[in-house]
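Colleague: These protein sequence lines map, in sequence, to chains U and L.
Each residue of the first sequence is one higher than the one before, counting from 1 in our numbering.
Each residue of the second sequence is one higher than the one before, counting from 1 in our numbering.
No lab work stands behind these hints, which were simulated from the structure alone.
Keep in mind that the hints are not guaranteed to be accurate.
Treat identical chains as interchangeable: a pair holds within one or across any two.
Below, in silico cross-link-like pairs of lysine-lysine (DSSO-like), each with a Cα-Cα straight-line distance of 30 Å or less [what the hints assert, rightly or not]: (1) Lys185 / Lys114; (2) Lys87 / Lys185; (3) Lys165 / Lys128; (4) Lys102 / Lys87; (5) Lys52 / Lys87; (6) Lys87 / Lys114; (7) Lys52 / Lys185; (8) Lys52 / Lys205.
On a predicted model such as this, the values are computed, not experimentally measured, just so you know.
Protein chains: 2
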Amino acid sequence: MNLILLFQDDFITNTIARLQGRRLRHVLQVHRASVGDELCVGLLNGQIGVGKITVLSQTLLEMEVRLERAPPPALPLTLILALPRPKVLRRVLRSVSAMGVKEIILLNCFRVEKSFWQSPFLNESSVKEQLVLGLEQARDTVLPEVLLRPLFKPFVEDEVPALVKGTLSLVANPAAADPCPRDVKRAVTLAIGPEGGFIPYEVEKLLAGEFIAVHMGERILSVETAVPALIARLF
Amino acid sequence: MNLILLFQDDFITNTIARLQGRRLRHVLQVHRASVGDELCVGLLNGQIGVGKITVLSQTLLEMEVRLERAPPPALPLTLILALPRPKVLRRVLRSVSAMGVKEIILLNCFRVEKSFWQSPFLNESSVKEQLVLGLEQARDTVLPEVLLRPLFKPFVEDEVPALVKGTLSLVANPAAADPCPRDVKRAVTLAIGPEGGFIPYEVEKLLAGEFIAVHMGERILSVETAVPALIARLF
Chain U
1 MNLILLFQDD FITNTIARLQ GRRLRHVLQV HRASVGDELC VGLLNGQIGV GKITVLSQTL
61 LEMEVRLERA PPPALPLTLI LALPRPKVLR RVLRSVSAMG VKEIILLNCF RVEKSFWQSP
121 FLNESSVKEQ LVLGLEQARD TVLPEVLLRP LFKPFVEDEV PALVKGTLSL VANPAAADPC
181 PRDVKRAVTL AIGPEGGFIP YEVEKLLAGE FIAVHMGERI LSVETAVPAL IARLF
Chain L
1 MNLILLFQDD FITNTIARLQ GRRLRHVLQV HRASVGDELC VGLLNGQIGV GKITVLSQTL
61 LEMEVRLERA PPPALPLTLI LALPRPKVLR RVLRSVSAMG VKEIILLNCF RVEKSFWQSP
121 FLNESSVKEQ LVLGLEQARD TVLPEVLLRP LFKPFVEDEV PALVKGTLSL VANPAAADPC
181 PRDVKRAVTL AIGPEGGFIP YEVEKLLAGE FIAVHMGERI LSVETAVPAL IARLF
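Only chain U is shown next, with the shape it has when bound in the complex (with noise of 0.2 Å):
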């Protein structure tokens, strides 16, 4: 936690904020920190800043906050991604949040197993709950939006089309022909596929949508691999 994540009810003054539970523990076992420490705080979807520990006990920590800067600025990325095994997406959420993705797709495809729609972890608290992590982890407070597209074909057909529009739209795909492009400086799509890829339909309906496949070298990677390296590349 390299910064601690604050949320509007948090504060129970315009400056004082109380915490208890999960960052309280972290603040006395990690940071180890005093009354009078300061440690790097952020309001969720706004500044960061300084928060003065006032108040420390085993139960209780209130801390003076100064909100003074802009969080990291946003990759311009929309990621589509085909829905990981419940593990692998705990990890990949926490990743591309701390990478400073702000638009995630998980979306089905035939490989993708349908017990995997079933996971808690899809749960709209235990996938915010990672995404917090990501931002605590990269000094980040803008929390990003994940939506769940549990039909493959009336997502393509129908939503990106106009989720596309003005984007470089990529599909990563081992056996394309152009290697994924570096630095583009623009506005992406990215379709990763799961584990084992796209069936050759999904890959014709992505193509017929105007994305373009792009490999990462002769390597098949899985998705927890593939995801960070796509987009340090792209980026």
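With chain U fixed as given, assemble chain L onto it according to the hints.
Modeller: Then chain L, alone, in the frame of chain U:
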């Protein structure tokens, strides 16, 4: 498992390999293969090719192996990684093995917890298991070398000068002035610190050893995210 990695002692004749255990189960449960099917195989540290299944039961698989092409090229990278916590280590080893890193040095630093060095995940067999999983994921055969360096100072003073010779030597640091270069097309030595970063003394020692500090933006990334991101940026 996009490639089944074969070892010399899997071969019962020059061309027939016999599998049991994990790889057999994978062929039965994930590939759902039958006699006559051809699977992608590779010989440890050797070529890649095809294994045509000749015998298949719940306890045994035999395949006729035809090796025909070289594995994908290795990355010209020596990765010096502050030893991460054990669970993260496993995933990072898989990930860098899949990306084609062949030289990995796990280094002690001030912010590496002493207990990490006692982890059973550092056993040779456990490390090899993760590296093999990475090779199988990426369709590679060449096992990376992993060296353990539990003493920072003698490593940096005595070994680093020979190690970095002729390479672009970089240390990842969110506070660096320069961004991580892209598409470098040369050999690189890359040092990545622990969660919490190298301490100033360690950064100074690395800079004195001709390393250049580079960043990936103002976001602080976890080791799991930073490693594939830095590698994808560099190559």
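Colleague: All hints are to be evaluated individually against the structure, with a verdict given for each.
Modeller: How the hints compare with the structure:
1. Lys185 / Lys114: The answer is neither: 37 Å in one copy and 43 Å across copies each exceed 30 Å.
2. Lys87 / Lys185: So Lys87 and Lys185 fail the 30 Å test inside a copy (32 Å) and across (35 Å) alike.
3. Lys165 / Lys128: within (28 Å within a copy, 46 Å between copies)
4. Lys102 / Lys87: both (21 Å within a copy, 27 Å between copies)
5. Lys52 / Lys87: neither (36 Å within a copy, 34 Å between copies)
6. Lys87 / Lys114: both (15 Å within a copy, 28 Å between copies)
7. Lys52 / Lys185: neither (38 Å within a copy, 47 Å between copies)
8. Lys52 / Lys205: Classified as neither: same-chain Cα gap 54 Å, cross-chain 33 Å, threshold 30 Å.
Going through the hint list in order, the structure does not satisfy hints 1, 2, 5, 7, 8.
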